[in-house]
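Protein chains: 2
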Amino acid sequence: MTRKPVLALVGATGAVGGVMIDIMNARRDWPWGEVRLVASPRSAGRKMTVRGEEITVRALAPEVFDGVDIAMFDVPDEVSAEWAPVAAARGAVAVDNSGAFRMDPDVPLVVPEVNPEQIANRPRGIIANPNCTTLSMMAALGALHREHGLRELVVASYQAVSGAGQAAIDRLYAELVAVAGKQVGTRAGDVRELLAAAGLSAEDSPFPAPIALNVVPWAGSAKGDGWTSEELKVRNESRKILGIPDLKVSATCVRVPVVTTHALAVHATFERPVTVAGAREILEAQPTVVLVDDADGGAFPTPADVVGEDPTYVGRIRQALDFPNTLDFFVCGDNLRKGAALNTYEIAEKLAAELAG
Amino acid sequence: MTRKPVLALVGATGAVGGVMIDIMNARRDWPWGEVRLVASPRSAGRKMTVRGEEITVRALAPEVFDGVDIAMFDVPDEVSAEWAPVAAARGAVAVDNSGAFRMDPDVPLVVPEVNPEQIANRPRGIIANPNCTTLSMMAALGALHREHGLRELVVASYQAVSGAGQAAIDRLYAELVAVAGKQVGTRAGDVRELLAAAGLSAEDSPFPAPIALNVVPWAGSAKGDGWTSEELKVRNESRKILGIPDLKVSATCVRVPVVTTHALAVHATFERPVTVAGAREILEAQPTVVLVDDADGGAFPTPADVVGEDPTYVGRIRQALDFPNTLDFFVCGDNLRKGAALNTYEIAEKLAAELAG
Numbered sequence: 001m002t003r004k005p006v007l008a009l010v011g012a013t014g015a016v017g018g019v020m021i022d023i024m025n026a027r028r029d030w031p032w033g034e035v036r037l038v039a040s041p042r043s044a045g046r047k048m049t050v051r052g053e054e055i056t057v058r059a060l061a062p063e064v065f066d067g068v069d070i071a072m073f074d075v076p077d078e079v080s081a082e083w084a085p086v087a088a089a090r091g092a093v094a095v096d097n098s099g100a101f102r103m104d105p106d107v108p109l110v111v112p113e114v115n116p117e118q119i120a121n122r123p124r125g126i127i128a129n130p131n132c133t134t135l136s137m138m139a140a141l142g143a144l145h146r147e148h149g150l151r152e153l154v155v156a157s158y159q160a161v162s163g164a165g166q167a168a169i170d171r172l173y174a175e176l177v178a179v180a181g182k183q184v185g186t187r188a189g190d191v192r193e194l195l196a197a198a199g200l201s202a203e204d205s206p207f208p209a210p211i212a213l214n215v216v217p218w219a220g221s222a223k224g225d226g227w228t229s230e231e232l233k234v235r236n237e238s239r240k241i242l243g244i245p246d247l248k249v250s251a252t253c254v255r256v257p258v259v260t261t262h263a264l265a266v267h268a269t270f271e272r273p274v275t276v277a278g279a280r281e282i283l284e285a286q287p288t289v290v291l292v293d294d295a296d297g298g299a300f301p302t303p304a305d306v307v308g309e310d311p312t313y314v315g316r317i318r319q320a321l322d323f324p325n326t327l328d329f330f331v332c333g334d335n336l337r338k339g340a341a342l343n344t345y346e347i348a349e350k351l352a353a354e355l356a357g
Numbered sequence: 001m002t003r004k005p006v007l008a009l010v011g012a013t014g015a016v017g018g019v020m021i022d023i024m025n026a027r028r029d030w031p032w033g034e035v036r037l038v039a040s041p042r043s044a045g046r047k048m049t050v051r052g053e054e055i056t057v058r059a060l061a062p063e064v065f066d067g068v069d070i071a072m073f074d075v076p077d078e079v080s081a082e083w084a085p086v087a088a089a090r091g092a093v094a095v096d097n098s099g100a101f102r103m104d105p106d107v108p109l110v111v112p113e114v115n116p117e118q119i120a121n122r123p124r125g126i127i128a129n130p131n132c133t134t135l136s137m138m139a140a141l142g143a144l145h146r147e148h149g150l151r152e153l154v155v156a157s158y159q160a161v162s163g164a165g166q167a168a169i170d171r172l173y174a175e176l177v178a179v180a181g182k183q184v185g186t187r188a189g190d191v192r193e194l195l196a197a198a199g200l201s202a203e204d205s206p207f208p209a210p211i212a213l214n215v216v217p218w219a220g221s222a223k224g225d226g227w228t229s230e231e232l233k234v235r236n237e238s239r240k241i242l243g244i245p246d247l248k249v250s251a252t253c254v255r256v257p258v259v260t261t262h263a264l265a266v267h268a269t270f271e272r273p274v275t276v277a278g279a280r281e282i283l284e285a286q287p288t289v290v291l292v293d294d295a296d297g298g299a300f301p302t303p304a305d306v307v308g309e310d311p312t313y314v315g316r317i318r319q320a321l322d323f324p325n326t327l328d329f330f331v332c333g334d335n336l337r338k339g340a341a342l343n344t345y346e347i348a349e350k351l352a353a354e355l356a357g
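Residue numbers (the UniProt record's numbering), protein chains in the order written: chain W, 1 to 357; chain Z, 1 to 357.
Be careful, since some hints might not be right.
Claimed, not checked - Dumping the calculated DSBU-like pairs for lysine-lysine here, alpha-carbon to alpha-carbon at most 35 Å:
(1) LYS182/Z x LYS182/W
(2) LYS4/W x LYS350/W
(3) LYS47/Z x LYS182/W
(4) LYS223/W x LYS248/W
(5) LYS182/Z x LYS47/W
Quick caveat, the hints were computed from the structure, so don't treat them as lab data. Here the structure is a predicted model, which means the values were calculated and not measured.
Bound-form chain W, shown alone:
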C-alpha cells in the first residue's frame, strides 16, 4: 500500500495504555500515518499527546475502526472478547493483550523474537499477546529451545503487583505506609493488625492476604484441582508459543511486594546436552536478552534494576547438579513493557512492515 497505516490503541487511558504511549513516544522508527486513541465512553474527550501531537480520545464504537489497519487492545478480557472481532470485521488486524483469544486455535499467540512466522496465520484477523508472566521468560527460553529442544519447565514466580492493575499498586503503596516505621515483631497477624489500624480493611484489598512484608501464593482465579489461571497460562501459553504441545510444565505463581517487573526462578530441562557457557553464548546472541551473570554472585538481575527496561534480564545460570540436560536460572522482565505493551507494539510494527510489503 502507498499510504501509511493507521494504528488504533484501545484502552489508551489505562495503565498499560500509558506505557504504550511512552513506548510510542520513544520509538525511533515511526511507520504510522495516523494514531487513534480509544477508551471507554467515560474517558472519551480526554486529550493525550503522542509524539508531540495532541489527540482526543474517542469512545469505543464500531465506527472508530473504519480505516484502521491495526488495532491494539489493552483492555479487560470481556471488552476484547466483544470488540476485537468488531475491529477485525471492519478490516483492522486486532492485536489483543487480553486473555480472551490466547488459546483460540485460530488466533496466533506471538512473541516476535520467538515465533514471528505465526503472525501471518490469523484467520480471525486477531493476534494475541501472551500473559506477562509467560512473556517474561519467552525470549530466553525460545532462544535456548531452538538450540537444545525444551522438554520440561518448573517455574516459580515473584510477580509484581502492577500485573493486577492500578488498584493493586495503590494498595501496596498504602500498606507500605501503614507498616513503615513499625516493628512487625514475631506474632502471626502483626501485619494484619497494622493494616487494620491504618483503616486498610482486608475486604477492600485486591489481594487475598497482606501484600506488604508478605508474599501471596495466589494470582488470578481458581481453575480447579488447586491450580490458578495464572499458573495454567504459564503452562498452556508456553506450549503454544514455543510450538511444543507436550511440553511438561509446573508453575507456582506468587505475588511479592514489588511494584513493577516480574521475576521467575526457572528450572528448564532440554532434549540435548546444554552447558552454562553454551547457554550464555546463545543468550548473548539474542538481542532482546541482557545477561547479568557471574558465577561468584557479584552480578545478577533484580526487579528494581530492570523496571522500565525493554529487554529480558537473565542471570544465576547454573547447570543443575542432579538433573541431566537441565539449567536453573533467574529471569527479570518489566511486566508492563515486554510483558504487555512492548510486545503488543512489536507485533503491530511487524504488521506495519508486512503491509508496507
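Put chain Z on the given structure of chain W with help from the hints.
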C-alpha cells in the same frame, strides 16, 4: 540418672537466643534442673529471666560446661566450630544450630519428627540442627517420603531477611521507611535513588541489592559454578536428613522483603504414585504440620500469618499436570522458630528424655 539434667544455652543474647528463651518460657513440660545462659564476654553479666528466674549471663569459657548435660549453640559457625567440641569434651552433648558440623559424617543432622533415631548416633557428642530453609519443608517432606519415597526436588525460596541476622532486619525496616509514601515510577534505579536520598548507602547493606520493593536472588556465599551456599545446603542437608544420598535437588534461594518466616515453592517427585487427597491425609496426621489448603484458593498459608507459630504450614497442594508421581505445594515456616530455635530445643528435649531413661 536421678538428678534433673542441666541445660546450657550458648548465644543467649542473640536473635535466635531470644526466641529460644521465649520458647522455654512457654513450654509446658520442664525437665531441666538448671539452665545456664552463656554469651560472648561483652554480653556477660547481663541478667535475663527464664521461667520467672533471673539468670546472670556467663562468659563463654571451658568451665561453664562443667556439669552441663546438654549445651545448645546459637552462635556463628566459627564460634560453634571452636566451642561445641569443648562442651562435648567436658561431657555435654552439644546441639549446634550453626553450619559448622552439619555435613560431618560423625555428626547427625536431626529433625525430631523426621529422623529421631539419628540422635543416638553421635560419636563426637555433637548433634547438628539443619539450615532454616531446609528445615521449613522437612516435616512435610519427611512425612510424604515415608509413604511415597521421595526422588526429586525442585525448590524456589521466598526467604525472610531475619535469616540474615539483626542487621538485615534493621536494613529492611530502614529501606521501608525510605520508600514508603513515594512513587517508585517506572525507571530502573528508582528504588536505589530513594535509598541513597535517605542516606542508605548500598555499601552499608547486608544485601547485594535493594531489599524494599525488590527481591534478591542471592543468599549466603558463592560456592562455585554459580551456586550459593544456601542452595547447596538445601540439597545436601535434605539428602542427609531424609537419608536419600542420591536425592535429586535443584534449589533457587531468593530473599524477599519479609521480616520473619520462610516460604518455599516445592515441586516434589516420588517413587510411587501420590494423590492430593493422599498427601492431605498424610500431612493432617503429622502433628507438626498444619494444612491450610482448599482447591478454590480461599485458603493458603502466607508468611504474615505463620510468623511466631511452631508448626510448618502447607497449602496449594496440586497434582503436577505433566509430571508423574509429582506434587507441587507451598510451605511456610517461621525461620527463627522451627527453622532454628525450636528444632534445636526439641532435640535437647529428646536428649533429656533419653537421659531420664
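Hint-by-hint comparison with the structure:
no.: 1; hint: LYS182/Z x LYS182/W; in the structure: 17 Å, holds
no.: 2; hint: LYS4/W x LYS350/W; in the structure: 14 Å, holds
no.: 3; hint: LYS47/Z x LYS182/W; in the structure: 27 Å, holds
no.: 4; hint: LYS223/W x LYS248/W; in the structure: 18 Å, holds
no.: 5; hint: LYS182/Z x LYS47/W; in the structure: 27 Å, holds
Checked against the numbered hints listed earlier, the structure breaks none of them; every hint is satisfied.
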